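One line per chain: the protein sequences are Z and V, in this order. Each residue of the first sequence is one higher than the one before, counting from 1 in my numbering. Each residue of the second sequence is one higher than the one before, counting from 1 in my numbering.
Hint data in this document are derived by calculation from the structure and do not stem from the laboratory. Small disclaimer: the values here were computed from a predicted structure and weren't measured. Careful: at least some of the hints might be erroneous.
Unchecked claim - Pairwise CB distance ranges, derived in the manner of DEER restraints: (1) V:T297 x Z:T175: 55 to 61 Å; (2) V:Q243 x Z:P322: 32 to 38 Å; (3) V:S287 x Z:R216: 45 to 51 Å.
Yeah, the Cβ is synthetic: ideal placement off N, Cα and C, and Gly gets one too.
Chain by chain, the residues run as shown.
Number of protein chains: 2
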Amino acid sequence: MTIVSILGSSIMGTALSFPLADNDHEVRLVGTHLDRDIIDSIKKTGVHPGLDRKVPETVRAYQLEEAREAFEGAEVALSGVNSFGVRWAGEQLASLLRPGMMVLSIAKGMEASENGDLRILSEVLSEGVSPDLRKQVSWSALAGPSIAGEVAARRHDTCVVFAGRDADVLKKLATLFRTDYHHVWTSTDFIGVEGCAALKNCYALGAGFAEGILEREGESDSKDRTYNYAAALFSQGAVELGQMMRVLGGRPETSYGLAGVGDMYVTSQGGRNVIAGRQVGSGLRFSEVRKRMPGVTLEGAAAIVVIGGALPRLTERGIIKPEDFPLLRHLHAVIAKDELLNMPWETFFGAQA
Amino acid sequence: MTIVSILGSSIMGTALSFPLADNDHEVRLVGTHLDRDIIDSIKKTGVHPGLDRKVPETVRAYQLEEAREAFEGAEVALSGVNSFGVRWAGEQLASLLRPGMMVLSIAKGMEASENGDLRILSEVLSEGVSPDLRKQVSWSALAGPSIAGEVAARRHDTCVVFAGRDADVLKKLATLFRTDYHHVWTSTDFIGVEGCAALKNCYALGAGFAEGILEREGESDSKDRTYNYAAALFSQGAVELGQMMRVLGGRPETSYGLAGVGDMYVTSQGGRNVIAGRQVGSGLRFSEVRKRMPGVTLEGAAAIVVIGGALPRLTERGIIKPEDFPLLRHLHAVIAKDELLNMPWETFFGAQA
Numbered sequence: 001m002t003i004v005s006i007l008g009s010s011i012m013g014t015a016l017s018f019p020l021a022d023n024d025h026e027v028r029l030v031g032t033h034l035d036r037d038i039i040d041s042i043k044k045t046g047v048h049p050g051l052d053r054k055v056p057e058t059v060r061a062y063q064l065e066e067a068r069e070a071f072e073g074a075e076v077a078l079s080g081v082n083s084f085g086v087r088w089a090g091e092q093l094a095s096l097l098r099p100g101m102m103v104l105s106i107a108k109g110m111e112a113s114e115n116g117d118l119r120i121l122s123e124v125l126s127e128g129v130s131p132d133l134r135k136q137v138s139w140s141a142l143a144g145p146s147i148a149g150e151v152a153a154r155r156h157d158t159c160v161v162f163a164g165r166d167a168d169v170l171k172k173l174a175t176l177f178r179t180d181y182h183h184v185w186t187s188t189d190f191i192g193v194e195g196c197a198a199l200k201n202c203y204a205l206g207a208g209f210a211e212g213i214l215e216r217e218g219e220s221d222s223k224d225r226t227y228n229y230a231a232a233l234f235s236q237g238a239v240e241l242g243q244m245m246r247v248l249g250g251r252p253e254t255s256y257g258l259a260g261v262g263d264m265y266v267t268s269q270g271g272r273n274v275i276a277g278r279q280v281g282s283g284l285r286f287s288e289v290r291k292r293m294p295g296v297t298l299e300g301a302a303a304i305v306v307i308g309g310a311l312p313r314l315t316e317r318g319i320i321k322p323e324d325f326p327l328l329r330h331l332h333a334v335i336a337k338d339e340l341l342n343m344p345w346e347t348f349f350g351a352q353a
Numbered sequence: 001m002t003i004v005s006i007l008g009s010s011i012m013g014t015a016l017s018f019p020l021a022d023n024d025h026e027v028r029l030v031g032t033h034l035d036r037d038i039i040d041s042i043k044k045t046g047v048h049p050g051l052d053r054k055v056p057e058t059v060r061a062y063q064l065e066e067a068r069e070a071f072e073g074a075e076v077a078l079s080g081v082n083s084f085g086v087r088w089a090g091e092q093l094a095s096l097l098r099p100g101m102m103v104l105s106i107a108k109g110m111e112a113s114e115n116g117d118l119r120i121l122s123e124v125l126s127e128g129v130s131p132d133l134r135k136q137v138s139w140s141a142l143a144g145p146s147i148a149g150e151v152a153a154r155r156h157d158t159c160v161v162f163a164g165r166d167a168d169v170l171k172k173l174a175t176l177f178r179t180d181y182h183h184v185w186t187s188t189d190f191i192g193v194e195g196c197a198a199l200k201n202c203y204a205l206g207a208g209f210a211e212g213i214l215e216r217e218g219e220s221d222s223k224d225r226t227y228n229y230a231a232a233l234f235s236q237g238a239v240e241l242g243q244m245m246r247v248l249g250g251r252p253e254t255s256y257g258l259a260g261v262g263d264m265y266v267t268s269q270g271g272r273n274v275i276a277g278r279q280v281g282s283g284l285r286f287s288e289v290r291k292r293m294p295g296v297t298l299e300g301a302a303a304i305v306v307i308g309g310a311l312p313r314l315t316e317r318g319i320i321k322p323e324d325f326p327l328l329r330h331l332h333a334v335i336a337k338d339e340l341l342n343m344p345w346e347t348f349f350g351a352q353a
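Sequences and hints are given; from them, build the entire structure.
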């Protein structure tokens with residue numbers, strides 16, 4: 001029995017309490033300052049409102065000011081915040097972690113420095129912690145196609161990958177979370193897995209374009225679909241995942257594994273990013289789409305701004321070629337520069353066309 | 001203006017007459033012995049019943065006994081039959097082709113020899129023609145995510161790849177078929193592209209399993225989906241497409257291009273193979289599914305029997321490892337040996353789990 005403390009009661013963070021509880025581990029779920037109502041609800045009724053399901057009976061919920069108690073004796077800290085909360089979570093962990101603990105993070109995204117260098121979020125998370133403690137804690141991350149509701153449903157097979165630099169730590173973590181429905185692989189291609197996890201969110205936004213184009217043409221009810229369009233974008237997205245592995249020094253095979261095309265597949269099937277993409281496809285500028293979705297978190301759009309924004313620097317420095325990432329460059333023009341969608345097909349697939 | 005004669009008025013073969021006609025080429029559509037009613041309909045009303053749409057006005061339709069006339073002066077022969085008709089089409093082409101003609105085939109599948117060696121269908125097609133003529137004709141094939149109805153809709157962007165050994169021929173063919181909605185790339189990785197095109201049909205059948213499992217659990221109307229399951233299979237499929245490139249000597253990048261993950265994506269969205277897979281997922285043995293779909297062509301199931309059936313030979317000969325292709329091996333057990341579906345998750349992704 002291992003004590004696992006989860007910082008952030010997001011849907012995904014909370015869903016991971018199901019396999020942990022099924023393995024008889026002690027799970028302590030700590031809400032952020034934004035999760036107050038969620039924790040209240042779990043304390044009173046056991047129900048996580050976003051997940052719309054009772055958390056396992058053995059899971060105990062804590063408000064943020066009870067975090068210290070929740071982390072007592074814990075061996076594992078699960079960072080359950082999304083990409084926007086990573087800096088905050090790092091600052092919290094500074095006073096909650098102890099030497100020897102294992103941290104597993106679920107955030108998917110990247111940060112870019114002035115010169116265009118891309119950094120994985122686990123690095124950003126760890127920077128909140130003092131350099132001394134940082135070295136005495138292990139940092140890993142979860143990736144792969146995993147919709148939280150399906151994990152919490154407890155019998156829908158889900159395949160994920162835990163990535164980090166220490167194979168032994170990954171093995172231990174995987175054992176804690178592995179059940180007959182939650183299948184866990186491990187990878188020491190930390191930067192490759194995290195890079196894919198972030199980048200696939202960019203292309204998933206594009207997965208909505210095709211449906212939006214049908215709407216614009218007044219054909220969304222006709223028998224004509226736009227699967228060919230979506231599949232072509234998916235394919236170019238896969239090519240660019242491979243290009244990103246070369247930029248980051250990740251392994252090529254990572255891009256067509258669970259963290260790459262697998263997660264891109266699941267994220268393309270629906271969700272807020274796809275809805276935003278559909279509105280862009282219907283002919284709206286992104287600034288207009290943003291107005292119609294006030295307060296909605298769009299990790300894909302944020303990733304496009306960061307990663308797409310780094311491409312010009314990387315090109316100037318000769319790290320990538322001007323013809324690399326044509327789809328991501330256009331996504332950046334649409335999302336960050338508010339240009340109208342105008343797919344540059346002729347630049348795709350090595351521009352042989 | 002080029003004369004293009006299409007042998008086989010399948011939905012896909014016929015759909016390709018749209019970009020050709022839009023480029024002002026002369027298209028002659030020849031039905032097989034099974035297409036008599038289709039040709040009659042086009043002759044009388046212009047409508048292809050399967051496509052449920054009028055073919056372009058300049059397209060002329062011919063019954064099989066008029067084939068010689070239809071091939072007079074043609075520079076390009078499009079073989080519009082599916083994998084089951086390839087041998088037949090080769091025999092027909094023996095008396096219809098002339099030296100210097102370019103053949104483009106749409107069939108997706110493979111043949112296996114006794115010792116497990118896999119051969120692409122363009123090779124099988126060409127064998128119908130005398131060795132002398134065979135050398136004086138160029139053989140190429142079309143692949144990539146292309147649903148016929150969308151091509152015929154004429155404004156839905158579609159990206160395909162023409163593969164063959166002669167780059168100049170591919171360039172010429174691409175020019176004939178390229179429009180502002182029909183984007184054509186070329187690849188000299190003939191065996192890689194054709195191998196992917198065949199293999200993705202196998203995994204597309206598996207794409208139906210997830211939905212079937214929901215039905216079995218009586219949950220198909222609940223909010224719980226099985227995207228994680230489908231995405232994990234997609235991901236393992238992508239890994240095995242890469243393994244197949246090593247077996248065939250195809251280029252690794254082909255497997256995550258249009259002919260690989262792109263076409264697997266579109267084929268996974270629906271169609272007869274996915275419907276068959278869904279019934280398997282719901283708990284039926286494949287023999288039972290087959291009884292419920294009498295007369296329905298299942299190219300995916302056929303490809304599983306052929307390619308999956310070659311794996312034991314290839315393993316014995318040391319060409320592949322016993323741990324390669326675990327998903328395709330299980331698909332073969334389900335389809336060819338009538339075993340019940342029981343996904344061997346622990347063997348996937350390099351079996352690190």
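Each hint, compared with the structure:
1. The hinted window of 55 to 61 Å between V:T297 and Z:T175 is violated, with their beta carbons roughly 46 Å apart.
2. The hint said 32 to 38 Å for the Cβ distance between V:Q243 and Z:P322, and at roughly 33 Å that hint holds.
3. Taking 45 to 51 Å as the suggested C-beta distance range, the pair V:S287 and Z:R216 conforms, at roughly 46 Å.
The earlier numbered hint that this structure contradicts is number 1, and it is the only one.
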